[in-house]
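Participant: So that you can map any letter, position 153 of the sequence shown is 158 in the working numbering, and since no number is skipped, the others follow by simple counting.
Please note: incorrect hints may appear among the correct ones.
Stated by the list, open to error - List of simulated lysine-lysine pairs, PhoX-like, C-alpha gap at most 20 Å:
#1 K9 x K120
#2 K19 x K120
#3 K120 x K189
#4 K12 x K189
#5 K120 x K12
#6 K19 x K9
#7 K189 x K19
What the hints assert, rightly or not - Ranges of calculated distance between the beta carbons of each label pair, as one might list FRET restraints:
#8 K19 x P150: 43 to 53 Å
#9 Y76 x L22: 30 to 40 Å
#10 L7 x G51: 34 to 44 Å
#11 F27 x V151: 36 to 46 Å
#12 K189 x A43: 34 to 44 Å
#13 M40 x M6: 30 to 40 Å
#14 Y76 x P150: 14 to 24 Å
#15 L176 x F60: 17 to 27 Å
#16 K12 x L86: 25 to 35 Å
#17 A115 x V180: 34 to 44 Å
No lab work stands behind these hints: they were computed from the structure. Don't be surprised by glycine CBs; every beta carbon is placed ideally from N, CA and C.
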Amino acid sequence: MLAKLSKALHRNAKGWLVFILFLLDMFFNILVMPMAQALMKFDGGGPGPLDLRFFTPPARMFEIIGQYGEYNRIFYRNFELTGDILYPIVYTLFFSLLISWLFQRGFAPASNMQKWNVLPFGIFVFDLLENLGIVTLLSVYPSTPVIVAVLTTLITMVKWVFAGGSILLILMGLVMAAKNRFRKQA
Numbered sequence: 006m007l008a009k010l011s012k013a014l015h016r017n018a019k020g021w022l023v024f025i026l027f028l029l030d031m032f033f034n035i036l037v038m039p040m041a042q043a044l045m046k047f048d049g050g051g052p053g054p055l056d057l058r059f060f061t062p063p064a065r066m067f068e069i070i071g072q073y074g075e076y077n078r079i080f081y082r083n084f085e086l087t088g089d090i091l092y093p094i095v096y097t098l099f100f101s102l103l104i105s106w107l108f109q110r111g112f113a114p115a116s117n118m119q120k121w122n123v124l125p126f127g128i129f130v131f132d133l134l135e136n137l138g139i140v141t142l143l144s145v146y147p148s149t150p151v152i153v154a155v156l157t158t159l160i161t162m163v164k165w166v167f168a169g170g171s172i173l174l175i176l177m178g179l180v181m182a183a184k185n186r187f188r189k190q191a
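Take these sequences, add in the hints, and give me the full structure.
Facilitator: So this is what it looks like as structure tokens:
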């Protein structure tokens with residue numbers, strides 16, 4: 006299944022599509038996500054979204070959820086079920102197609118490196134699982150299911166590891182593609 010996905014990504018790794026996905030990613034990063042955070046009304050500041058933290062112990066997670074207040078818990082839950090489902094689709098496709106495009110120019114077509122273009126789908130899977138955990142915690146508050154909080158924290162950490170790995174692949178692809186003057190390898 007991953008081999009088929011990798012090949013499909015390579016077939017669709019067109020410069021214009023990567024650029025459109027880049028613009029969509031920037032739209033989310035510059036406009037949508039900051040606007041969503043601004044709409045979370047905090048009195049005198051606030052802890053911000055849980056999914057931007059690498060590690061949050063369960064006790065701290067419940068404390069933060071309590072600090073949100075009812076409006077922010079509802080808003081955050083609804084955003085996790087809408088905007089934070091669309092955004093992972095955009096960045097996953099952007100990262101995967103960018104890695105495919107760069108690796109086509111940085112490595113031989115038969116290189117095993119070509120298969121690493123599927124790594125960003127790990128971010129996608131764990132981001133959705135993280136959203137599920139956060140939505141559950143926000144929905145059952147004031148209940149404090151420790152196991153859900155622990156699992157959500159672990160899932161968040163794995164998500165960030167996949168994100169870091171994807172960034173490293175992009176940087177490696179940039180270096181190798183630049184070395185080959187961004188010419189597609191035959």
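Participant: Evaluate each hint against the coordinates.
Facilitator: Each hint, compared with the structure:
Note on K9 and K120: the hinted pairing holds, with a Cα-Cα distance of about 10 Å set against a maximum of 20 Å. A C-alpha spacing of about 17 Å is found between K19 and K120, which places the hinted pair at or below 20 Å, so the restraint holds. Pair hint K120 plus K189 holds up; C-alpha atoms about 16 Å apart against a cutoff of 20 Å. With a CA separation close to 16 Å, the supplied pair K12 and K189 stays within the 20 Å bound.
A C-alpha spacing of about 8 Å is found between K120 and K12, which places the hinted pair at or below 20 Å, so the restraint holds. A distance of roughly 18 Å separates the Cα atoms of K19 and K9; the hinted pair therefore holds under the 20 Å criterion. Between the alpha carbons of K189 and K19 the distance comes to roughly 12 Å, so the proposed pair stays at or under 20 Å and holds. Taking 43 to 53 Å as the suggested C-beta distance range, the pair K19 and P150 conforms, at roughly 45 Å.
With their beta carbons about 39 Å apart, Y76 and L22 fall inside the hinted range of 30 to 40 Å. At roughly 40 Å, the beta carbons of L7 and G51 sit within the given window of 34 to 44 Å. In this structure, F27 and V151 meet the distance hint of 36 to 46 Å, their C-beta atoms being roughly 40 Å apart. Separated by about 43 Å at the C-beta atoms, K189 and A43 satisfy the suggested range of 34 to 44 Å.
Distance hint for M40 and M6: a CB-CB separation of about 36 Å, consistent with the stated range 30 to 40 Å. Taking the beta carbon of each, Y76 and P150 are about 22 Å apart, inside 14 to 24 Å as hinted. Here the CB-CB span from L176 to F60 is close to 24 Å, well matched to the stated 17 to 27 Å. Range check, K12 to L86: Cβ separation about 32 Å, and the 25 to 35 Å hint holds.
At roughly 20 Å, the beta carbons of A115 and V180 sit outside the given window of 34 to 44 Å.
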